[in-house]
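> Chains as they are written, first to last, in our numbering: chain S, 373 to 508; chain Y, 10 to 164.
Source of the hints: derived by calculation from the structure; they are not laboratory data.
Don't take each hint at face value.
[As the list claims (entries may be wrong)] With the Cβ distance kept under 7 Å, some of the chain S side facing chain Y (calculated, not the full set): (1) I410; (2) R412; (3) V419.
[To be verified] If we take Cβ atoms under 8 Å as the criterion, some of the chain S residues that face chain Y in the derived model are: (4) G414; (5) L436; (6) H440; (7) L450.
Idealized CB from N, CA, C, for every residue including glycine.
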Amino acid sequence: MGIFLPALAGGVLIGLSATLFLLLNGRIAGISGLVAGIGRPGERRRVDAAFLFGLILGPPVFALLAGHWPPMRIEAGLPILALAGLLVGFGTRLGSGCTSGHGVCGLARLSPRSIVAVLVFLATGMLTVAAVRGLA
Amino acid sequence: MSTALRLLAALVAGLVFGLGLALSGMLDPARVRGFLDVAGAWDPSLIFVLGGAVTISGLGYRLCRRRSGPVLETRFDLPIRRRVDAPLVAGAALFGIGWGLSGFCPGPAVAALSTGATPVLVFVAAMLAGMALHDFGRRAVERGPTGLPPPVPRG
């Protein structure tokens with residue numbers, strides 16, 4: 373079991389969150405869309421902000437319950453993180469979603485757009501990691 | 010009252026999402042990159058995160074489809090586009106490159122803001138800039154060089 377059971381249990385919680393948000397608020401739990409949503413005018417931005425605030429509370433509440441913070445080992449330096457952030461921000465807006473919106477919610481709805489998006493970002497993510505390791 | 014309930018529901022859903030990320034190992038960029046490192050020391054454990062999440066989310070979606078609307082709002086707000094187009098593929102490709110470089114996707118990056126760590130702040134600031142750049146660029150393209158609305162595409 374080791375790392376597999378927490379991975380599965382964490383995934384179940386993420387699925388429950390997506391279900392709650394759809395059942396109660398009628399919304400897709402896509403994080404890139406919610407982040408973009410707080411920049412738009414209207415009542416919805418408060419719902420988006422409330423979800424994101426809860427998301428930020430996740431790690432400290434986990435630390436309270438588990439007695440330790442979840443591991444977060446960031447290997448990339450600041451310039452690479454800045455470049456990666458730009459690509460993630462631009463790419464998720466152009467591609468209408470990220471790991472949560474396309475990956476969790478879109479695959480669950482068997483959306484053809486999401487299935488293609490997940491295959492593409494998994495492929496370029498894997499190629500990028502392989503390329504970076506080749507250069508290092 | 011109902012606005013307070015809507016905000017509370019969103020807050021709880023976000024918290025459960027963040028707890029799931031923390032428990033699953035998705036908050037650890039080194040582990041995410043290990044998952045993407047199929048040609049090296051591949052760590053397949055994060056497949057279980059996606060598997061668990063998609064299974065539960067799929068059951069939840071089926072449950073919701075039996076209802077005429079959500080509990081706290083008048084209607085479900087679901088994506089209606091079905092066509093796979095070039096922006097979808099190009100955007101997903103760029104996102105994957107950034108994901109592979111950093112090990113961060115938007116959910117874990119936002120959740121990790123709670124640490125206040127400088128690398129997280131740099132990543133999220135750049136992500137917001139990338140989103141703004143896209144939205145600014147699209148508005149400029151839609152306005153066109155004349156500043157008039159774009160012509161209606163034929164066919």
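> Are the hints correct? Go through all of them and say.
Hint check results:
1. I410: Cβ of I410(S) sits 10 Å from chain Y, so the hint is violated.
2. R412: violated (10 Å)
3. V419: At 5 Å from the nearest chain Y Cβ, V419(S) passes the 7 Å test, so the hint holds.
4. G414: Violated - the Cβ of G414(S) stays beyond 8 Å from chain Y, reaching only about 12 Å at its closest.
5. L436: Violated - the Cβ of L436(S) stays beyond 8 Å from chain Y, reaching only about 11 Å at its closest.
6. H440: Nearest chain Y Cβ about 10 Å off; hint violated.
7. L450: Status holds, d = 5 Å.
The structure does not agree with the numbered hints 1, 2, 4, 5 and 6 stated previously, though it agrees with the rest.
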